[in-house]
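J.: Each protein sequence line maps, in turn, to chains Z and A.
If you're matching positions, the first sequence starts at 1 in my numbering and goes up one per residue.
If you're matching positions, the second sequence starts at 114 in my numbering and goes up one per residue.
Honestly, I wouldn't trust all of these hints.
[As the list claims (entries may be wrong)] Here's a subset of chain A near chain Z, in silico, CB distances under 8 Å, partners left out:
1. G129
2. K155
3. V156
4. F174
5. P183
6. D199
7. S200
8. F204
9. G216
10. F219
11. S221
[What the hints assert, rightly or not] Straight-line distance between alpha carbons at most 30 Å, and here's what the computed DSSO-like set of lysine-lysine pairs gives:
12. A/K170 with Z/K68
13. Z/K71 with A/K170
14. A/K155 with Z/K68
15. Z/K71 with A/K196
16. Z/K105 with Z/K56
17. Z/K108 with Z/K71
18. Z/K5 with Z/K105
19. A/K196 with Z/K68
Think of the hints as simulated: they come from the structure by calculation, not from any bench.
Every residue gets a Cβ at the ideal spot worked out from N, C-alpha and C, and that includes glycine.
Listed below, chain by chain, are the residues.
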Amino acid sequence: DQQVKQNSPSLSVQEGRISILNCDYTNSMFDYFLWYKKYPAEGPTFLISISSIKDKNEDGRFTVFLNKSAKHLSLHIVPSQPGDSAVYFCAAPWGGSQGNLIFGKGTKLSVKP
Amino acid sequence: EPEVTQTPSHQVTQMGQEVILRCVPISNHLYFYWYRQILGQKVEFLVSFYNNEISEKSEIFDDQFSVERPDGSNFTLKIRSTKLEDSAMYFCASSDPTGTLYGYTFGSGTRLTVV
């Protein structure tokens, strides 16, 4: 039941460089994708989303790219900052705009000064 | 900024005991959720709640689980007879009618440890 997959459990990046976090999905019925960021001892925090009718959405240092034919999305953070160090989850809602979120396993990003 | 509040932050209980996890969603939100994350695993959906009834539940949400909105502000998750495998972080979330378009707001979670 791995409809949303994040195959890299961890990523280490130097401060100021680009971080690229990847996510694959198997269900072509997903029409919306979200990225969440999670610090230890906190709940997931919404970061950015993208509709399946778009291939890119940008918000400040964060850009999400969607490749529907490859069923792949990626989150780019540029420039990376030490405060970006967290676990990043890709998620897709199932069952409409209030549907339950199906999460990937997460990628732990470490940004080194 | 409005937030979802969960209490307690950590609960230890003996196997077979009942636990109630409490949440105060954002006041103008209408949709409420419980998710859980077993250590090292994915965040998993448990249940969604709208208009005073369950709108969707996962296979995890069996007869041992129940949810309630007893007083118009709190939203609770009850586990009747806890098992060791119920040990996890439990996250409450709420959303306004835009729902996932702008992401749910999650609480900081309750760490449940069943011994």
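J.: Look at each hint and say if it fits the structure.
T.: Verification of the hints:
1. G129: violated (28 Å)
2. K155: holds (5 Å)
3. V156: OK, holds: A/V156 within 8 Å of chain Z, min 4 Å.
4. F174: violated (11 Å)
5. P183: The hint is violated - A/P183 has no Cβ within 8 Å of chain Z, the shortest such distance being about 22 Å.
6. D199: Hint on A/D199: violated, closest Cβ of chain Z at ~19 Å, above 8 Å.
7. S200: violated (16 Å)
8. F204: holds (5 Å)
9. G216: holds (3 Å)
10. F219: holds (3 Å)
11. S221: holds (5 Å)
12. A/K170 with Z/K68: The hint holds at about 28 Å.
13. Z/K71 with A/K170: holds (26 Å)
14. A/K155 with Z/K68: Holds, because 23 Å separates the two Cα atoms, which is no more than 30 Å.
15. Z/K71 with A/K196: At roughly 37 Å apart (the allowed maximum being 30 Å), A/K196 and Z/K71 break the hint.
16. Z/K105 with Z/K56: holds (23 Å)
17. Z/K108 with Z/K71: With a Cα-Cα distance of about 22 Å, the restraint between Z/K108 and Z/K71 holds, given a limit of 30 Å.
18. Z/K5 with Z/K105: holds (7 Å)
19. A/K196 with Z/K68: violated (41 Å)
Violation of the numbered hints given earlier is confined to hints 1, 4, 5, 6, 7, 15, 19; the remaining hints are satisfied by the structure.
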